[in-house]
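Visitor: Can you make the complete structure from the sequences, with help from the hints?
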Amino acid sequence: DTEVTQTPKHLVMGMTNKKSLKCEQHMGHRAMYWYKQKAKKPPELMFVYSYEKLSINESVPSRFSPECPNSSLLNLHLHALQPEDSALYLCASSRPMGSDTQYFGPGTRLTVL
Amino acid sequence: GENVEQHPSTLSVQEGDSAVIKCTYSDSASNYFPWYKQELGKGPQLIIDIRSNVGEKKDQRIAVTLNKTAKHFSLHITETQPEDSAVYFCAAPDISNFGNEKLTFGTGTRLTIIP
Chain A
1 DTEVTQTPKH
11 LVMGMTNKKS
21 LKCEQHMGHR
31 AMYWYKQKAK
41 KPPELMFVYS
51 YEKLSINESV
61 PSRFSPECPN
71 SSLLNLHLHA
81 LQPEDSALYL
91 CASSRPMGSD
101 TQYFGPGTRL
111 TVL
Chain B
1001 GENVEQHPST
1011 LSVQEGDSAV
1021 IKCTYSDSAS
1031 NYFPWYKQEL
1041 GKGPQLIIDI
1051 RSNVGEKKDQ
1061 RIAVTLNKTA
1071 KHFSLHITET
1081 QPEDSAVYFC
1091 AAPDISNFGN
1101 EKLTFGTGTR
1111 LTIIP
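Note that the protein sequences, when read in sequence, are chains A and B. Under this note's numbering, the residue at position 43 of the first sequence is numbered 43, and the numbers go up by one with no gaps. Under this note's numbering, the residue at position 87 of the second sequence is numbered 1087, and the numbers go up by one with no gaps.
Hints are supplied without guarantee of correctness; some may be wrong.
The following residues of chain B were derived to be distant from chain A, with all beta-carbon distances above 12 Å [to be verified]:
hint : residue
1    : Ser-1012
2    : Lys-1071
3    : Pro-1093
Covered stretches of chain B, going by a simulated chain A footprint (3 or more residues, C-beta under 8 Å) [to be verified]:
hint : segment
4    : 1030 to 1036
5    : 1103 to 1111
Sample of chain A residues lacking proximity to chain B, with all beta carbon distances greater than 10 Å (derived) [said to hold, decoys possible]:
hint : residue
6    : Pro-8
7    : Met-13
8    : Gly-14
9    : Lys-18
10   : Lys-22
11   : Glu-24
12   : Gly-28
13   : Lys-36
14   : Pro-42
15   : Ser-62
16   : Phe-64
17   : Pro-66
18   : Ser-72
19   : Leu-78
20   : Val-112
No wet-lab data here; the hints were simulated from the structure. Here the structure is a predicted model, which means the values were calculated and not measured. The C-beta atom is built at its ideal place from N, Cα and C for all residues, glycine as well.
Guide: Right under this line is the structure:
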């Protein structure tokens, strides 16, 4: 089973709202990723967690706050977003040691009004 | 960091014909090259990958070739079918800066299979 699940599938929020995206995997992977994808563009890395510790932050604005409560879960907390933050947010996971295959979830389509 | 270039950006192929998508990379230390297929409204799906110790890998109608000297790798799809229509992304790890944790993606190829 190579399934990564993400909830919600769609999210519409105002610029003053606080919301969270959730990602879950049960493949025993110890690395989890958040990507942002704009239309007709490749995925763009935001954060990497390795063994529940933040290992890469690609200079993402603080209005995006990641959290990794355990090895199976990854959250992305959103606050005071801008309309230009509207995008498809993808979660991925992989084994961090000796294997590079990243498996992606279906994504959350976020619209900021 | 790693720089990945992908061509062509769009490709239309008659059903049953072959399709080839090419990528080049800049970091000679890169050792892993995945290909992802993304259908409309879905997340990228890994379809095939190749590691730097082999020059070619095949899985049914899909094959990937790697030329380490020239730093390029290609995706080959034979006997194309309508369900092959999607956007395809190549990728390579930014080994020198982030080890295997960060993938740099190509800009994508929109493949359309004409029935």
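Visitor: Give a verdict on every hint.
Guide: Structure-based check of each hint:
Interface exclusion of B:Ser-1012 from chain A stands, the closest Cβ pair being 17 Å apart, more than 12 Å. Chain A leaves B:Lys-1071 outside its interface by the beta-carbon criterion, the shortest separation being 18 Å against a cut-off of 12 Å. With a minimum CB-CB distance of about 6 Å to chain A, B:Pro-1093 fails to clear the 12 Å threshold, and the non-interface call is violated. Interface restraint, the segment 1030 to 1036 of chain B with chain A: holds (3 residues with C-beta to C-beta distance below 8 Å; minimum three).
Residue count for the segment 1103 to 1111 of chain B with a Cβ under 8 Å from a Cβ of chain A: 5. That meets the three needed, and the coverage hint holds. No beta-carbon of chain B is positioned within 10 Å of the beta-carbon of A:Pro-8; the least distance is around 14 Å. Interface exclusion of A:Met-13 from chain B stands, the closest Cβ pair being 20 Å apart, more than 10 Å. Separation of A:Gly-14 from chain B is adequate, the least Cβ-Cβ distance of about 24 Å exceeding the 10 Å criterion.
The beta carbon of A:Lys-18 sits about 25 Å from the closest Cβ of chain B, which is more than 10 Å, so the claim that it is off the interface holds. At the 10 Å boundary, the C-beta of A:Lys-22 stays outside the reach of chain B, the nearest C-beta of that chain being 15 Å off. For A:Glu-24, the condition that its CB be more than 10 Å from all CB atoms of chain B holds, with the nearest at approximately 14 Å. The Cβ of A:Gly-28 sits about 17 Å from the closest Cβ of chain B, beyond the 10 Å cut-off, so the non-interface label holds.
Listed as outside the interface, A:Lys-36 is consistent with that label: its C-beta sits roughly 12 Å from the nearest C-beta of chain B, beyond the 10 Å cut-off. Its beta-carbon lying about 4 Å from the closest one in chain B, A:Pro-42 breaks the requirement of being farther than 10 Å from that chain. No beta-carbon of chain B is positioned within 10 Å of the beta-carbon of A:Ser-62; the least distance is around 21 Å. In this structure A:Phe-64 is separated from chain B by more than 10 Å, as the shortest Cβ-Cβ distance comes to about 17 Å.
For A:Pro-66, the requirement that its beta carbon stay farther than 10 Å from each beta carbon of chain B is met, with the minimum near 14 Å. Distance check on A:Ser-72: its Cβ is at least 18 Å (rounded) from any Cβ of chain B, clearing the 10 Å threshold; non-interface status holds. Distance check on A:Leu-78: its Cβ is at least 19 Å (rounded) from any Cβ of chain B, clearing the 10 Å threshold; non-interface status holds. For A:Val-112, the shortest C-beta to C-beta distance to chain B comes to about 19 Å, beyond the 10 Å cut-off, and the non-interface label holds.
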